Amino acid sequence: MKFHPESPALIPDDVSRLKFIADLKRHLYFELGPRNRADYERHTAAAAESQPPAAAAATREEIRRIMERKPFFQVWSSLVRAAQDRMWEYVAQAVDRDIAHLNSRYRALQLASPDDAGTDVGALPDYVTGADVHRMPGGYHVEREADDLRAGALYDLGGAVYQLGLGNVGGAMLNDTRGQTLVAHLRRYYPSLRPRRILDMGCSVGHNTVPIHREFPEAQLHAIDIGAPMVRYARLRAAGLGANISFHRQDAERTNFEDGSFDLVVSQILLHETSPQATRRIFAESLRLLRDGGVAVHLEVPVRYEHCDVYEQFFRSWEHYYNNEPNIEGVAATDLHALAEQTGFSGVRSGYQRIPLPGEGTQDLSPEPINGRGTWYIVSGRRP
Amino acid sequence: MIVALGAEVSVLSEQLDTLRRLLIDRGTLDAASIADYAPPAEAQAERERVRRKRIASLLSSLDTGSGTPAQK
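These protein sequence lines map, in sequence, to chains A and B. According to the numbering used here, the stretch in the first sequence is residues 1 to 384, in order. According to the numbering used here, the stretch in the second sequence is residues 1 to 72, in order.
Just so you know, these hints were derived from the structure itself, not from any lab. Since the structure is predicted, the reported quantities are computational estimates derived from the model, not experimental observations. Quick reminder that beta carbons are idealized off the backbone N, C-alpha and C, glycines included. Among the clues, some could well be false.
[What the hints assert, rightly or not] Covered by chain A, per the in silico footprint, the following chain B stretches (three or more residues, Cβ under 8 Å):
(1) 11–17
(2) 51–59
[Unchecked claim] Subject to a maximum C-alpha distance of 20 Å in a straight line, what follows is the list of computed EDC-like cross-link-like pairs (lysine to aspartate or glutamate):
(3) B/LYS53 to B/ASP63
(4) B/LYS53 to A/GLU31
(5) A/LYS19 to B/GLU46
[Said to hold, decoys possible] On the chain B side, residues computed to face chain A include the following (Cβ under 10 Å):
(6) ILE2
(7) VAL3
(8) GLY6
(9) GLU8
(10) ALA35
(11) PRO39
(12) ALA45
(13) GLU46
(14) GLU48
(15) LEU62
(16) ASP63
Assemble the whole structure, with the sequences as input and the hints as a guide.
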């Protein structure tokens with residue numbers, strides 16, 4: 001089977017392995033994960049009854065120090081990590097079986113571009129090179145040969161499994177609900193926007209760029225990522241899906257596009273892969289690139305510390321400490337609405353946007369998390 | 001180790017399921033047919049049920065203690 005026309009082919013054993021991993025992850029998160037809170041509450045109750053009573057943990061960091069000594073948390077965390085590492089191993093088996101074919105397809109379709117050399121990119125930032133993000137071996141940028149697509153292919157397949165039910169709806173493995181949710185947000189809040197030029201910052205393999213192309217097929221759509229294999233694979237993937245998108249290797253903190261050259265600039269789960277400083281620079285860069293009255297939309301993972309009790313803050317930080325997510329904490333702790341206003345955007349909106357379901361009307365942003373329903377967190381605004 | 005073992009058991013079980021269905025339906029063994037076999041929705045649902053039961057069983061020793069979902 002294939003996830004899309006140009007994806008690596010999966011044999012039945014790959015599918016069995018990946019379905020096992022997806023179900024294992026689901027069981028660990030939803031069935032066993034809540035036991036960690038029960039453990040913590042027992043610890044808190046025992047501490048309160050001790051003589052003299054121990055002070056309650058006040059911060060997520062204090063809770064983390066307590067929980068890291070709990071056997072259940074240790075075992076549970078090890079299993080979640082094992083599931084993640086096996087997922088990449090199994091995905092790599094499928095990719096490596098097909099990588100020569102993928103690389104030759106890329107050459108045959110003449111998809112290479114001179115800007116892949118990344119002469120404008122400079123040194124890769126620490127948040128890209130410091131650790132293998134999501135524990136994906138090699139991260140977003142490592143290449144094994146000239147014009148290599150391998151990291152993009154790994155990320156494409158792994159991302160679809162990693163997202164469980166949140167990235168895919170209706171059985172498709174396109175991992176594109178961020179793009180669909182962003183489009184729903186534009187329809188609801190910017191219904192008269194008819195962008196001629198659009199930029200998607202930090203697009204990885206273009207999972208969520210394609211839905212933007214579907215919404216605005218006449219627009220000139222540019223998408224950038226700092227990882228060369230991501231950009232290459234994105235071109236092949238989009239070609240297979242018949243989406244006309246220009247992918248470039250560039251740094252979202254400092255692109256080489258001219259001031260005011262776009263009507264719409266977006267990022268989709270980019271910020272939590274960067275750093276607090278980079279987040280500020282990416283907001284500023286998105287403002288610089290917009291024409292007056294143009295719209296920026298930044299979509300992120302729906303983890304906001306202001307809407308979590310302190311235990312939940314600890315628990316939702318798991319990926320930051322044990323799965324090489326460089327900036328989950330930074331984004332969750334940053335008031336992105338205020339940051340957008342400080343950057344200079346006007347009419348700023350923020351909240352949880354539901355993933356649209358087929359046949360469902362456009363939904364308002366929710367100021368609070370929505371239990372039992374997939375959402376993404378969105379901040380949007382206009383250049384005055 | 002347990003995760004790897006569980007994954008391989010899952011692979012074996014589903015391969016056997018494929019073989020069994022083909023043998024019953026056709027009374028013959030055909031390697032290409034096995035590789036190309038696409039389980040129908042009903043078979044997929046059954047595989048999912050068995051797989052999830054296996055995962056719960058593998059991890060059942062962890063699923064104890066007050067306040068766990070198992071006691072809902």
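Hints, verified against the model:
| no. | hint | verdict |
| --- | --- | --- |
| 1 | 11–17 | holds (count 3) |
| 2 | 51–59 | holds (count 5) |
| 3 | B/LYS53 to B/ASP63 | holds (13 Å) |
| 4 | B/LYS53 to A/GLU31 | holds (12 Å) |
| 5 | A/LYS19 to B/GLU46 | holds (13 Å) |
| 6 | ILE2 | holds (8 Å) |
| 7 | VAL3 | holds (4 Å) |
| 8 | GLY6 | holds (7 Å) |
| 9 | GLU8 | holds (8 Å) |
| 10 | ALA35 | holds (7 Å) |
| 11 | PRO39 | holds (9 Å) |
| 12 | ALA45 | violated (12 Å) |
| 13 | GLU46 | violated (13 Å) |
| 14 | GLU48 | holds (7 Å) |
| 15 | LEU62 | holds (6 Å) |
| 16 | ASP63 | holds (6 Å) |
In summary, the structure is inconsistent with hints 12 and 13 from the numbered list given earlier, while agreeing with the others.
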